[in-house]
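2 protein chains.
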Amino acid sequence: MFDNQKESNLPVINSEMSEAEINRMMENACEASNFLKAISHEGRLMILCHLATGEKSVTELEQLLSARQAAVSQQLARLRSEGLVEPRRDGKTIYYSLTDRRAVQILDVVYELFCKKG
Amino acid sequence: MFDNQKESNLPVINSEMSEAEINRMMENACEASNFLKAISHEGRLMILCHLATGEKSVTELEQLLSARQAAVSQQLARLRSEGLVEPRRDGKTIYYSLTDRRAVQILDVVYELFCKKG
DNA sequence: TCTACATATTCAAAGAAGCTTATATGTGAA
DNA sequence: TTCACATATAAGCTTCTTTGAATATGTAGA
Numbered sequence: 011m012f013d014n015q016k017e018s019n020l021p022v023i024n025s026e027m028s029e030a031e032i033n034r035m036m037e038n039a040c041e042a043s044n045f046l047k048a049i050s051h052e053g054r055l056m057i058l059c060h061l062a063t064g065e066k067s068v069t070e071l072e073q074l075l076s077a078r079q080a081a082v083s084q085q086l087a088r089l090r091s092e093g094l095v096e097p098r099r100d101g102k103t104i105y106y107s108l109t110d111r112r113a114v115q116i117l118d119v120v121y122e123l124f125c126k127k128g
Numbered sequence: 011m012f013d014n015q016k017e018s019n020l021p022v023i024n025s026e027m028s029e030a031e032i033n034r035m036m037e038n039a040c041e042a043s044n045f046l047k048a049i050s051h052e053g054r055l056m057i058l059c060h061l062a063t064g065e066k067s068v069t070e071l072e073q074l075l076s077a078r079q080a081a082v083s084q085q086l087a088r089l090r091s092e093g094l095v096e097p098r099r100d101g102k103t104i105y106y107s108l109t110d111r112r113a114v115q116i117l118d119v120v121y122e123l124f125c126k127k128g
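Heads up: the sequence lines are chains A and B, in that order. Quick note on this note's numbering: the first sequence kicks off at 11 and runs consecutively. Quick note on this note's numbering: the second sequence kicks off at 11 and runs consecutively.
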């Protein structure tokens, strides 16, 4: 096993915590959990990766993911509801871009850990 | 909107990528997606947080999470099957600890983003 | 060996999430 | 206004996930 304390800046959780602190922590965990669920879907993860290189229209994303219109639109709806992306209309087409620096930061780490291995 | 390019080290994904490169990327996305799914469960996320402060027995985790024995054990089984934690037996009790630096790194970022806000 | 304790596993039920098909909305051009 | 295109939403279905209850495994001590 490796030594966590050396690598992590995570706070110590102990029994001296007040109930308020524990509640706040549970809320944070819930929020983080929702965020992670939103990005842990393979299609949505790929969408975020593609958007990280610049805004894309829905049709472009459909092609990049080889997925159907409705499916992509629903995945975008989910990301929108989490505040991770935002739409910009230009005529008939709608372009999506990232709005949340948190998404980019997590993606960076995920990219480090899963794409640069080996 | 903010400028992704300034903040991110993510690679550019363009149409000049070979099929092999795209396949590799899809595999990575799939692997990352599985990893993120494993940690995006509120209970499992809390378990990982608790383990980040040092190994804990199953009973301790049950109390910390106010959850039932079977539920905690199943969550641990999932984390075990993903290779994120490992058990150590000492007499009748079994202690769990983190085994995957990736979990700690993601947790660090998540903690930064969701617990230090405001 | 028998018993008690700690943990794991199995299985069925409940719930959540995702996809497809069909339909609706909004925009530009004729 | 009518049509065509781009996107969004809704409904129904299927599949995955999670949970609780019951049961099994493994260990220590009497």
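Be a bit skeptical, because a hint or two may be false.
Below, a list of computed lysine-lysine pairs in the BS3-like style, where the Cα atoms sit at most 27 Å apart [stated by the list, open to error]:
| # | chain 1 | residue 1 | chain 2 | residue 2 |
| --- | --- | --- | --- | --- |
| 1 | B | Lys47 | A | Lys126 |
| 2 | B | Lys126 | A | Lys47 |
| 3 | B | Lys66 | A | Lys47 |
| 4 | B | Lys47 | A | Lys66 |
Coverage of chain A stretches by chain B, computed from C-beta distances (three or more under 8 Å per stretch; other residues unrestricted) [to be verified]:
| # | region |
| --- | --- |
| 5 | 35 to 49 |
| 6 | 53 to 65 |
| 7 | 104 to 116 |
Read the hints as simulated data drawn from the structure, not as lab findings. Just so it is clear, CB atoms sit at the ideal spot from N, CA and C, and this is done for glycine as well.
Results for each hint:
Restraint check for B:Lys47 and A:Lys126: satisfied, since their Cα atoms lie roughly 20 Å apart, inside the 27 Å limit. Note on B:Lys126 and A:Lys47: the hinted pairing holds, with a Cα-Cα distance of about 20 Å set against a maximum of 27 Å. For the hint linking B:Lys66 to A:Lys47, the alpha-carbon distance of about 26 Å falls within 27 Å, and the restraint holds. Distance restraint check for B:Lys47 and A:Lys66: the Cα-Cα separation of roughly 26 Å lies within the 27 Å cut-off, and the hinted pair is therefore satisfied.
Proximity of the region 35 to 49 of chain A to chain B, defined as three or more residues with a beta carbon under 8 Å from a beta carbon of that chain, is established by the 12 residues found. With 8 residues having a beta carbon nearer than 8 Å to a beta carbon of chain B, the region 53 to 65 of chain A meets the requirement of three or more and the stated coverage holds. Restraint check on the region 104 to 116 of chain A versus chain B: 8 residues with Cβ-Cβ distances below 8 Å, three needed, restraint holds.
The structure is consistent with each of the numbered hints, conforming to all of them.
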